[in-house]
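For the sequence shown, the positions run 1 to 166 when our numbering is used.
Since the hints were derived computationally from the structure, they do not count as laboratory data. Just so you know, even glycine gets a beta-carbon here, dropped at the ideal spot from N, CA and C. Check before you lean on any hint, since a few could be wrong.
[Said to hold, decoys possible] Label-pair restraints from in silico Cβ distances:
no., residue 1, residue 2, range
1, Gly143, Thr69, 37 to 47 Å
2, Ala130, Arg165, 15 to 25 Å
3, Leu37, Trp149, 17 to 27 Å
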Amino acid sequence: MIAAATPRPPLHGTDGLPPLVRRARLRDAPALHALSLAFIRSGALRSRSIDHYLAHAGEFLLATGRGRTSVLGCLALSDEGDGVAVLYNFCVARGNQGQGLGAALLRAALADSRSRLVREVFTATATGAAFFRRHGFASAGPGRAPAAWAAALDPARGSEVLSRRL
Numbered sequence: 001m002i003a004a005a006t007p008r009p010p011l012h013g014t015d016g017l018p019p020l021v022r023r024a025r026l027r028d029a030p031a032l033h034a035l036s037l038a039f040i041r042s043g044a045l046r047s048r049s050i051d052h053y054l055a056h057a058g059e060f061l062l063a064t065g066r067g068r069t070s071v072l073g074c075l076a077l078s079d080e081g082d083g084v085a086v087l088y089n090f091c092v093a094r095g096n097q098g099q100g101l102g103a104a105l106l107r108a109a110l111a112d113s114r115s116r117l118v119r120e121v122f123t124a125t126a127t128g129a130a131f132f133r134r135h136g137f138a139s140a141g142p143g144r145a146p147a148a149w150a151a152a153l154d155p156a157r158g159s160e161v162l163s164r165r166l
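Please model the entire structure based on the sequences and the hints provided.
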């Protein structure tokens, strides 16, 4: 007898419905900035002005609850050329963490990367290494990360550089 695989339960936001992940638009920049501020204040994210979110809105994916308009999570994916991308500004609103929003955002970012023929995605995290490892990321060896991006990392933050080959 062959046992059927048990289907995984759908990922839900706090409203009980699956998250909606979409590309951010220019008009989303203030909400992206507002969501990120709590993480900037805590030191989990690098400080970025509203101008960064306005200038780079197209790099961001955002998650909302189905039927809701508030931004519950976001991340950005910067194309660094030569088949390499950098994932940054990854955050999920407190109270909505652990609901699958981060995983949905990361899956969407990796799918987007594959569609753009990205071969490797890098990120730096001071606190989220376990999350990224669960999603196939591993410590990146010295010198593998895009040089300009790696040089801009603040060593005082103690971030670990991780990568995932696609």
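Given the range 15 to 25 Å, decide if the beta-carbon distance of Ala130 to Arg165 lies inside it. holds (19 Å)
That 17 to 27 Å hint for Leu37 and Trp149 (C-beta), does it hold up? The hinted range 17 to 27 Å holds for Leu37 and Trp149, with Cβ atoms some 23 Å apart.
Do the Cβ positions of Gly143 and Thr69 conform to the proposed distance bound of 37 to 47 Å? With Cβ atoms ~43 Å apart, the hint holds.
Taken one by one, the earlier hints all hold for this structure without exception.
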